[in-house]
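Novice: Okay, here's what each chain looks like letter by letter:
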Amino acid sequence: MSVKNQHEIHPDAEMLSAFAEQALGERERGEVLEHLAACGRCRQVIALASEASGAEVAGPEVAGGRAPVRPRVWFRSWGLALAPLAAVAASAVIAIYVHERDVERAAEVARVERQQASEKAPMPLQAQVPATPPQVGPAQETAGAGGAPGEPARRATPKRQAHVVFIDPGGAEGGPILTAKEEQKLDRAMEEPAPPSAEAQGPDARAQGMTGAAFAPSGTSPDEKKESDAALYDEERKRQADAEMEARDKRLFAAKRKAPADGHGSSGGAARSGAVGSSEQVVVTDQQLQTQPAPATSAGALMRFRSGGLSGIMAPNAVHLPSELPAVSIAHAGEWMLAIDNTGALFFSEDSGANWEPVTKQWTGRAVLVRKNATPKPEEAAPPAAKRESPGDTSGSGTVSESDIVFELLNDQGQVWLSTDGKTWAAR
Amino acid sequence: MAPAESVASVAEAELPALQGAMDGRLLDELWRASDAAGWGLERDDFDRILLDVGTTWNFGQAEGTVATRQEQASFFRGLCLGDLVLARACAAGNERAWEHFIAQHRQPLIRAANAITGSETLGRDLADQLYAELYGLNTREGERRCPLLSYRGRGSLMGWLRTTLAQRHVDHYRRSRRLKPLDDTLDEMDAPAAEIAPQPHAGELSQLERAVEDALRGRDAEERYLLAAYYLDRQPLLQIARVLGVHEATVSRKLKRATEDTRKQVLTNLWRGGLSRRAAEEALGADPRDLNVNLKKLLQNSQTEAFKEQATP
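Quick note, the sequences are listed as chains A and B, same order.
If you're matching positions, the first sequence starts at 1 in the working numbering and goes up one per residue.
If you're matching positions, the second sequence starts at 429 in the working numbering and goes up one per residue.
Just so you know, these hints were derived from the structure itself, not from any lab.
These figures come from a predicted structure and were not determined experimentally.
One thing to keep in mind: the hints can contain errors.
[To be verified] Once the Cα atoms are required to be at most 20 Å apart in a straight line, the calculated EDC-like pairs of lysine to aspartate or glutamate come out as:
#	chain 1	residue 1	chain 2	residue 2
1	B	LYS682	A	GLU113
2	B	LYS682	A	GLU100
3	B	LYS684	B	GLU651
[Claimed, not checked] Distance ranges between label pairs, derived from CB positions:
#	chain 1	residue 1	chain 2	residue 2	range
4	B	GLU499	A	PRO84	41 to 49 Å
5	B	GLN498	A	PRO84	37 to 45 Å
6	A	ALA89	B	VAL674	37 to 45 Å
7	B	TYR659	A	ARG27	35 to 43 Å
8	B	VAL674	A	ARG101	50 to 58 Å
Here a beta-carbon is modelled for each residue, glycine too, at the ideal position from N, C-alpha and C.
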């Protein structure tokens, strides 16, 4: 239509609509505006249509009523910017987290490398370390079904065997490197199940726990253990664990007999087993193992601890080392004590843990386990008759003299160092 | 539904001549852009629709002016072609087009009617009535008449529907207002003046009346629209701004300027009429009720109560 004679003719709906939508040219717009200035009816029409359009934009829920038009909130205009901003913030958080992890790992690697570099410094016993360290120690071979005769592993008692399984996700060469967080996590996990602890049973019980008395089948006084409910609990748990271990060993050894030798300590029989290429299983006897293993080395060890007796696990954490770090492995012989904290540092005490002094590192890798063992003498292959003089010793052997005491230190690569005084160490 | 009418009103004989006057490539481009084939329109029908729209509006040019091809292209590119072909397909009885129309516009139509009437019941009645007409239930001279044929793509189809609803509502209201009882209108009457102001001389009053009339007639269309919408219709600034497509603050500034300019113009007219400055100022302070000036009549000299609806859909 034309808007000529606009004082008599109203623009049609399309013209008004196009005017409100700014879709008209300058000339047509002027004509419509001229009409609107004079026509109350068309002003009303266009005002209502605009109001309906505004209600439509505002949303269906307010379209039915005359909802007041509210001013725009200032942050509405930032709505589009908020989404990318949130994405950038999330990316930044992730990047910082990844960076922190990398830094932690790098620091850990650097620390281990420094330790390894310092081990290359001239040390009298270093020369005795074999160029290619054996993947398993003698103690690991004790459970082998077809071990070579005359080997130290033969000292195992036939009654019962305690097994420590080290699962090494990183392989045997590098060894597992745990970050401080992972270590603390493991520490917390170790502290989590809290049956009656050795501390609650007094110093004697604590000493028993620390020396691995819970693993001892004999040589300890049954009356002392049953003095408290905690001791009963420990014994019960121990028996259950032993039963589980024996069942597991049977399955394990049966499988190993079927499996071909892998060339690593195959003469020892059960030297290596578990996850192929990614785990290392060390089997020791209860007599050899008078200390607690290093749980920080692997999650497998933790699982093992959880399934077995728990009172002994709590004991290392009760020791307060100069490094202020939790002890992961403790050996005890009379008044002498050796402890390894979760960074692998070794400490020695001559007064049952009252005072500690650090031991200079004379081994490679990271110390994960320290234990007391009897000197392997060929003539003492049979159980010796000698009595232990040290009152605190509650190990399973109980028949070797103090001069025969040998401490063993196991690093994270399965290599073993020996010491008779806890301070001077030589590779096996 | 049977086709109500031909999709375009351009005669068959006129089509080749008009097509020759238009850019063929432009028509091809518009044909592809409109997706008219999707709604079952033939190319000739589409060309006919465009030619009908173009000739009706003279391609947006003043009457008697011949539009160049560039002006034609500019005009056609400003059309809502998608809505236009949909409306024509619906008018032609294309079921798929109707399904799309209902899915796209049915609920917004009801919401717009609710907003216009301020009542869900009235709104639904209004929307249903229009929808029935759109579907072609009304007949004129024995032929179904679909209001969608009057839509020619200037502005959106939804805007056209909203304006059509508003027109019907306003017309209905104005018709029914004439039957409103007098008691209801008493409240709307102006209250008497609180105190009796000194009466100006009759000569001054008549001079003032002329000055006001001249001042308002001298305002341009936009200023008169602003003054009328704000002072007569009492529309809020936001609503006026929405109609004009400007910011509310712009409307406020323009309105203030228009008011001041009108006042100055009235004073100027009074001085020109022989009054002194002081007398002119005093004359402006006269009670408006003493003036025989019908501002509504001045601003709305279109006698809109007896309007003629030219393009009633």
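Novice: Does each hint hold? Answer for all of them.
Specialist: How the hints compare with the structure:
no. : hint                             : verdict
1   : B:LYS682 to A:GLU113             : 80 Å, violated
2   : B:LYS682 to A:GLU100             : 61 Å, violated
3   : B:LYS684 to B:GLU651             : 10 Å, holds
4   : B:GLU499 to A:PRO84: 41 to 49 Å  : 43 Å, holds
5   : B:GLN498 to A:PRO84: 37 to 45 Å  : 41 Å, holds
6   : A:ALA89 to B:VAL674: 37 to 45 Å  : 38 Å, holds
7   : B:TYR659 to A:ARG27: 35 to 43 Å  : 28 Å, violated
8   : B:VAL674 to A:ARG101: 50 to 58 Å : 57 Å, holds
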